[in-house]
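Protein chains in written order, with this note's numbering: chain H, 1 to 265; chain V, 1 to 474.
Read the hints as simulated data drawn from the structure, not as lab findings.
Source: prediction; values computed, not measured.
Ideal Cβ positions, reconstructed from N, Cα and C, are used throughout, including at glycine.
Don't take every hint at face value.
Stated by the list, open to error - No farther apart than 35 Å at their CA atoms in a straight line, the calculated lysine-lysine pairs in the DSBU-like style are these:
| # | chain 1 | residue 1 | chain 2 | residue 2 |
| --- | --- | --- | --- | --- |
| 1 | H | LYS49 | V | LYS229 |
| 2 | V | LYS398 | V | LYS238 |
| 3 | V | LYS375 | V | LYS249 |
| 4 | V | LYS18 | H | LYS243 |
| 5 | H | LYS260 | H | LYS230 |
| 6 | H | LYS17 | V | LYS112 |
| 7 | H | LYS230 | H | LYS180 |
| 8 | H | LYS49 | H | LYS68 |
| 9 | V | LYS19 | H | LYS238 |
| 10 | V | LYS33 | V | LYS19 |
| 11 | V | LYS310 | H | LYS49 |
| 12 | V | LYS238 | H | LYS180 |
Claimed, not checked - Calculated Cβ distances over 10 Å to all of chain V for the following chain H residues:
| # | residue |
| --- | --- |
| 13 | MET25 |
| 14 | ALA66 |
| 15 | LYS87 |
| 16 | LYS106 |
| 17 | LEU136 |
| 18 | VAL150 |
| 19 | THR163 |
| 20 | PHE215 |
| 21 | GLN232 |
Said to hold, decoys possible - From the structure, some residues in chain H lie toward chain V, with a derived Cβ separation under 10 Å:
| # | residue |
| --- | --- |
| 22 | GLY29 |
| 23 | VAL34 |
| 24 | LEU39 |
| 25 | GLU72 |
| 26 | ALA75 |
| 27 | LEU187 |
| 28 | LEU190 |
| 29 | GLY192 |
| 30 | ARG197 |
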Amino acid sequence: MKIIVPIKQVPETSNVKMDPETGTMIREGVEPIVNPLDLYAIEAAIRLKEHAGGEIIALTMGPPSARKALTEAIAMGCDDGILLSNKKFAGADTWSTSYVLSQAIKKIGRYDLILCGERATDGDTGQVGPGIAAWLDIPFMTYISKIMEVAENEIRCERMVETGYEILAAELPCLLTVVKEVNFPRLPTLRGKLRSRAVELQTWGPVDIDAQPDFLGLKGSPTRVVKITKPQVARRGKIAAPKDEGELVTAVDGLIEFLKQKEIV
Amino acid sequence: MNSSGYNRVDSRIVEMLKKIVGSRFVLWNEPDKMEPYSHDEVADKRYMQMPEVVVKPRTTQEVAQIMRLASRKNIPVTPRGAGSGLSGGAVPVYGGILLSVERMSTILEIDKANMVAVLEPGVITNDLNLLLAEEGLFFAGYPMSVESCFIGGNVAENAGGGRAVKYGVTGRYIIGLEVVTPEGEIIQLGGKRVKDVVGYDLIHLMVGSEGTLGIFTKIFIKLLPLPSKRVDLLVLFKDIASAVALVPKIIAFGKIIPTAVEFMDKTAVELACRYLNEQLYSQEVGAMLLIELDGNDEAGLEREYEIIGKMCEENGAIEVYVADNATTQERVWAVRRNVPEGIQTFYPVKSSEDLVVPIASLPEILPQITAIAAKHDVIIPCFGHAGDGNIHTTIVKKPEMSMDRWHEVQETVRVALYQMVLARGGTISGEHGIGHKRKKYIPMVLDPVTIELMKRIKQAFDPHHILNPGKMFE
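With the rest of the complex left out, here is chain V (with noise of 0.2 Å):
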């Protein structure tokens, strides 16, 4: 037993894993083919942690015998997806058994009558939409990691991401689930029908759980018909409060609801378009938004970006650039989706912060941000999905600051950010997850009540506290 309270894996449990999935897929006292496990998407090494062994089941069942052999030994088990999340999420804080679902990848049905598809935890999320376009349908959680994460982590973290202003997020079009239990039980909940209120919603609890409550095995999701036309306009702003002053107004005055709104401050652009030599920064250049419409009537779609763009005139834009086709939108796409690496590249070492406001507080808030920057003497970078309030505010050590300043500041930075947005409706993460990275400032969300009955859940549902321990709450 080790100081956490759990056991360790000896030689007789990694014999005992190796007979349920293969010894192929363990990996032990394989520290090279292990460190890839012990970390996700959070740059900060502060919050690695390597697995004592590896697993990857294939199958339900393997799943299951797992969680019951962990069970049964006290050694604690985090389930793994792609591993590009950004709170810890799929961290193996006590060591222990990482439970990676990538062989679970199958595409089991894309059942088109009834607008369902039925997948593993490891399916590509991309994957998926490509398929699917070919049939006309897609899945309509679009989080911005699209090339690499896994449906299974999209749904554990209840993902995001762009489109969420017209579609929503991950949850929405989750319809069913299998679940293996942390006893080793597998139950279904739901399935392929649109209506279900038999019991407690049993479902919507398990999205969003951050793998503390179960391992899905099989995911149920909702499809869409895949609309024909999409439209992107990129419009370059002289200031912040200009681009974000806009955002409201798109719904609210124009009556269109966009798909996407996506907003980047001057460094946040000036970072992307360095990392990917791209020319549409100049120093005029304060913000950028990035605005995305979709439909099947193209003459429709045009009324509709003339009408926003000549907002985005009217609201101060210096430039409106359209693009709508395949190569003028994979580079107005490529700006917004490589902040994070652009960010990364310049200065690597940073927190990213994923605050959540309603969206009519957004014009007062970024001042507020860069109020916080300034005395702080951190860099703050913001970009992110304005259509829907949240902004990736990202806080970045100058290079000239020591470490040990920097974990002082970043720590002040973060509460300070979380006291800002708490005070106006917002909330301290809309998509990334709380993890292990953000725990500690649940009290400041979450009344004790609330989370005690969370942690009454929790144990209802993992009553040895073994799977995925040291997430969520202290």
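Extracted from the complex, chain H is given alone in its bound form (with noise of 0.2 Å):
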């Protein structure tokens, strides 16, 4: 079983600070790394090899500093990666890079499956699994909690909505898009690390991919940002200070009929 699994560098995310003029994040001094969310298509490409034999191919658009994304994929489990990386794919929105990640899966060529995170937690859209699997009119499923059975042709998993899990199936080779519930990545080896570093990876540009030049980066993206705000949350709090238990009934019964009022009981 041939897996691909498309990868993106993030900024990591947990001491982030904003540019309050400019509403974007600043970048400067906050350390890259792979989508956290991503780790979980790495895991699911990882463990369907381990229990079929195959290859895994991790692929990722961004500057040539994304190779490091690649790496820690090799590191974790996958075979090879390919780097995107070209001064005309900067800028791209998520209609651009879907196609440029799609062209390269095209010259990778014979694939079984493709193997999303369920979105990245920089650009947070969700977009580039399914916009993948359109340019290569394939079928997909979103939002996959676990993956069922893989037959010869085919694929069953388990989705989750909001009012429970579906089970879906589709002829392969398919793209899935996987939540956090489908597994629990592993951490990188020292053998993994010291393998990844032996790999070579390989750089394709626009004319590798056989690109469209109209359809790359920020030209050829349709997205436009017009403006960034931060909306203004205005909540109003209702605090019951019983000040002994004497008032401890009046200020419940307070509590009971506000939620009353505001229909949540």
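Once you've looked at the hints, go ahead and assemble the two chains, each given alone in its own frame, into the complex.
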């Protein structure tokens, strides 16, 4: 089974600071990491390979430094990595990004499955996975919480929806986006790290993937960021603070009355 | 006057305290709000004591006025930082005034030219390091309760923590203190200078004095350039012996000084992983080491972790994981940091010990700890800072044991553990301190002459014995 895992390098977001003027993130001094949700896709791919054999190729588009994301994926257990890096790719939106990734996948050639994380923690759109499938014209299933069975030409999965779970099946090749519930990603091992250092990563540009120039980068992206604003949260709380036990009953009654008015209870 | 010989805090005293700090910053007759000041992180409720009044001064002058008032009125004062201590040091054993430094929380100065920061005692150590990181600097003292503890408490307890192997403990970085004496005088010790041999080294007498000699109102700490790269190895071993035997070898044969070598035995790993819902644990795991390296040269670090990783594999490691980015590092350190929470969740009745031995003795004491646990029918998860020989043995009550029996047994076990480490050139506390939890064991460790000298020092600083009484010595 040949599996392709498109991943993204994102800024480590636990201590992110925003520029109050521009509304954008201050990237300086922020460590780049593999999108945490992509780790679940990598893990899912490794488990399928451990079960049925095959090959896993990690794929990423980004600046040259994004090769670190690929070596981490290889250290976890992917076999190979391809970096899509070129100035012409820069500034791409989800439409252009999924186009570039799909062109690269076409160049890779035959594959059985594409596994993506649910979304990236920086852009937060969740559009690139389905976008790739659309460009490739293959079936896709999103929010997959369990890969149940992989048969010769079919895959059965469980999808998490608000009301419960759905069981879905699709023909191979297809694309899945997976959610956190799908597995528990492993840590890279020393063996994996040493192996990843030895793997020679390929870097592809627009010509290598036979891309249409006007589909690339900021210019090729239909999305326009017109304005970034920070929403004002205006919540008014109600605090019931009884001073002694005597006031407790009145306070609780008041609180219940309040919740009733708001039609919460 | 009460049985201890101290005067009670009455409404007149409270009024005077309110005049000093403002009425908003005095808590009196408000048991709900005062309860958090009655204990630290020692789990055993027998070590709790409510203060009579809680005072929250903002300035050095206010602290001095409070001490003068307390001296005059013969009322005990217990200074308190964040209350994350593990020996009862901040517990007001005789009631009286609880002096919290929580409002003295300003980072007064970061002097890059001298590589010194000047802090008030209520600064959260983690906040300081976050701020310093932006400047490419850091404070190398690193206690495990890093997100909550105050620098004042770190100095008072001479906190150690994970990085002592390479960077030593808090005291190494303290180069100046402003101190309010128990009698309410303000003194300045040291400052921004690196060298100073004039007179006795009172700074390092103050460091680790557990709030019994003076109250720190300003702290001068030495800063270091923050290493830009960090790698952690999480190593799984099938048994304790092979894990611990490796620790002294890393430095001796690997010729590498890691920042930290943390150790967790099977029970500690299992409980932390259960608590975190972390799947790194499996039945075959008998112990874990967490080894951290830092530096500025990525290739150099890669070589070093490869050397150590291979040493681990040759010494019976089941698996060596490499964490070299924020995601994976947070994950491996979360396991180590949450061992105490894991134990607390599944075995709430326990006593945390803080044994320390010379590091080459670690391999021989761990089987003895296991034997002591078996003999007395308790569980003793062990974890801690293997790299500096500091092991947090936690004596844990099995659920089926009665409380009466437990009180008896934990005492016996504690003494047995203490005798074991003392016989090997170790001691009973590496970083948690004595407080009132361990004071009765001091004679096991120190000879009578030393104890007498220490008591005379206390007498010289605090002639009326009003500052944090009931700590350190019986």
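Each hint, compared with the structure:
1. LYS49(H) / LYS229(V): Distance of about 33 Å is within 35 Å: holds.
2. LYS398(V) / LYS238(V): Holds - the C-alpha atoms of LYS238(V) and LYS398(V) are around 25 Å apart, at most 35 Å.
3. LYS375(V) / LYS249(V): Holds, because 31 Å separates the two Cα atoms, which is no more than 35 Å.
4. LYS18(V) / LYS243(H): Status holds; Cα separation ~22 Å.
5. LYS260(H) / LYS230(H): Distance ~32 Å between LYS260(H) and LYS230(H) Cα, so the pair holds.
6. LYS17(H) / LYS112(V): holds (23 Å)
7. LYS230(H) / LYS180(H): Between LYS230(H) and LYS180(H) the Cα gap is close to 28 Å, so the pair holds against 35 Å.
8. LYS49(H) / LYS68(H): holds (22 Å)
9. LYS19(V) / LYS238(H): holds (33 Å)
10. LYS33(V) / LYS19(V): holds (20 Å)
11. LYS310(V) / LYS49(H): holds (27 Å)
12. LYS238(V) / LYS180(H): holds (30 Å)
13. MET25: holds (15 Å)
14. ALA66: holds (13 Å)
15. LYS87: Since the minimum Cβ distance to chain V is about 25 Å, LYS87(H) lies beyond 10 Å and the statement holds.
16. LYS106: holds (31 Å)
17. LEU136: holds (29 Å)
18. VAL150: holds (22 Å)
19. THR163: holds (25 Å)
20. PHE215: Correct as stated: the minimum Cβ-Cβ distance to chain V is 32 Å, above 10 Å.
21. GLN232: For GLN232(H), whose nearest Cβ neighbour in chain V is about 26 Å away, the distance exceeds 10 Å, so it holds.
22. GLY29: Holds, about 7 Å.
23. VAL34: holds (7 Å)
24. LEU39: holds (7 Å)
25. GLU72: GLU72(H) check passes; min Cβ-Cβ to chain V is 7 Å, inside 10 Å.
26. ALA75: holds (7 Å)
27. LEU187: holds (4 Å)
28. LEU190: It holds, given that the least Cβ distance between LEU190(H) and chain V is near 4 Å, below 10 Å.
29. GLY192: holds (8 Å)
30. ARG197: With a closest approach of 8 Å, the ARG197(H) hint holds.
In this structure, every one of the numbered hints holds.
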